[in-house]
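Enquirer: Read in order, the letters of the sequence shown are residues 1284 to 1640 in our numbering.
One should not assume that every hint holds.
Unchecked claim - Ranges of calculated distance between the beta carbons of each label pair, as one might list FRET restraints: (1) Ala1502 <-> Val1598: 56 to 62 Å; (2) Arg1338 <-> Pro1458: 27 to 33 Å; (3) Leu1381 <-> Glu1483: 22 to 28 Å.
Unchecked claim - DMTMM-like mimics (lysine to aspartate or glutamate), calculated; alpha carbons at most 20 Å apart, straight line: (4) Lys1501 <-> Asp1534; (5) Lys1501 <-> Glu1489; (6) Lys1501 <-> Asp1462; (7) Lys1501 <-> Asp1455; (8) Lys1501 <-> Asp1554; (9) Lys1501 <-> Glu1515; (10) Lys1501 <-> Asp1542.
Because the hints were derived from the structure by calculation, they are not lab data.
Note that CB positions come from ideal geometry on N, CA and C, so glycine has one too.
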Amino acid sequence: MYEVRAPGRVNLIGEHTDYTGGDAMPIATDLHTALTAEPADHVEVSSAALDADGRFDPTGFEPDGTWLDYVKGVYHVLRADGYDPGGFRGELGGDLPLGSGLSSSASLELAVLAFLEDAYDLGIDRTELALLGQRVENDYVGVSCGVMDQFAVALCRAGSALHIDTGTLASDPVPIPADARVLVFHTGVERELVDSAYNERRSTVEAALDRLGRDSSKAVTEADLAELPALERQRLGYIRRENQRVVEAKDALTAGDLDRFGDLLTAAHRDIADNYGASCPELDLVVRAAVDAGAYGARLTGAGWGGAAVAVVDVENADAVARAVESRYAEQFPHHDSESYLIEPSAGVTVERQSRS
1284 MYEVRAPGRV NLIGEHTDYT GGDAMPIATD LHTALTAEPA DHVEVSSAAL
1334 DADGRFDPTG FEPDGTWLDY VKGVYHVLRA DGYDPGGFRG ELGGDLPLGS
1384 GLSSSASLEL AVLAFLEDAY DLGIDRTELA LLGQRVENDY VGVSCGVMDQ
1434 FAVALCRAGS ALHIDTGTLA SDPVPIPADA RVLVFHTGVE RELVDSAYNE
1484 RRSTVEAALD RLGRDSSKAV TEADLAELPA LERQRLGYIR RENQRVVEAK
1534 DALTAGDLDR FGDLLTAAHR DIADNYGASC PELDLVVRAA VDAGAYGARL
1584 TGAGWGGAAV AVVDVENADA VARAVESRYA EQFPHHDSES YLIEPSAGVT
1634 VERQSRS
């Protein structure tokens, strides 16, 4: 029997950069997906959170538009690369809330991938597991995501953020000062427009890069931006500035300068709201309320258009900031089912083999 723990992720800074070869800096959450599993001839998996179960033959299956496609997709990409894992019987649990903006999909993918890698001795390293997880979404589920979520779930270390260069796939841990805490506030706003808005933003910046003949947003100069049509200049300009903020944020964390780090987060929110159009009134209020209550800084996290915001706070006033944000939010948006989480930066996916008693 195997026990797998796969964290969620919160991106501290570097939003909408990972599909342009840019930089990002997420953490893995202590909230996690748990998978208890053992090898079997077929795949049979149940989820208490979803009150659902599924079964399929790992040698032949079709997508059905349900959560089970994330499990089927793992087999799809492994077999496409020449691996031949057997099935498993498993139960999904844990405390990572679904639809919270904490990347429960990447967590599920990496839980299954890490189990199969260990149980069937596939010889796949963590970076390749992360890339396989991305392909589950891109090639099988049909979600056009970058690599950041899967890298965080696969590669993060406890107590650290992970600086990722999504162009080269290089990554390195960035220790977070012990007196800092990460507060995530989910607005309760469903991201109804996220697919169409995300795809429009992505196509715009990819068109801009094509027009400039650049492979990466990190290669774009101010002179390049001046050559672009107004909308492409605005969107790609945000990403260029965000890449630079990630580098500066890494330096600030390394130096233990939480004031500077927080300023970069808040500046990132203003930029993505004004120039990428990815915020909403609820997210804007959370950011203002957190900063007003004493957070070092705050910004939306994830794709935007609803979902969650992240704030970095001092350990001594973390609870007070959370209460202040919750109070202001409930006053202005009483009909939203919001929730907040204090996150401990945690390690990536782990697999333990349990002996039978």
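Enquirer: With reference to the structure, classify each hint as holding or not holding.
Expert: Against the structure, the hints:
no.: 1; hint: Ala1502 <-> Val1598: 56 to 62 Å; verdict: violated (39 Å)
no.: 2; hint: Arg1338 <-> Pro1458: 27 to 33 Å; verdict: violated (44 Å)
no.: 3; hint: Leu1381 <-> Glu1483: 22 to 28 Å; verdict: holds (26 Å)
no.: 4; hint: Lys1501 <-> Asp1534; verdict: holds (17 Å)
no.: 5; hint: Lys1501 <-> Glu1489; verdict: holds (13 Å)
no.: 6; hint: Lys1501 <-> Asp1462; verdict: violated (32 Å)
no.: 7; hint: Lys1501 <-> Asp1455; verdict: holds (18 Å)
no.: 8; hint: Lys1501 <-> Asp1554; verdict: holds (17 Å)
no.: 9; hint: Lys1501 <-> Glu1515; verdict: holds (15 Å)
no.: 10; hint: Lys1501 <-> Asp1542; verdict: violated (26 Å)
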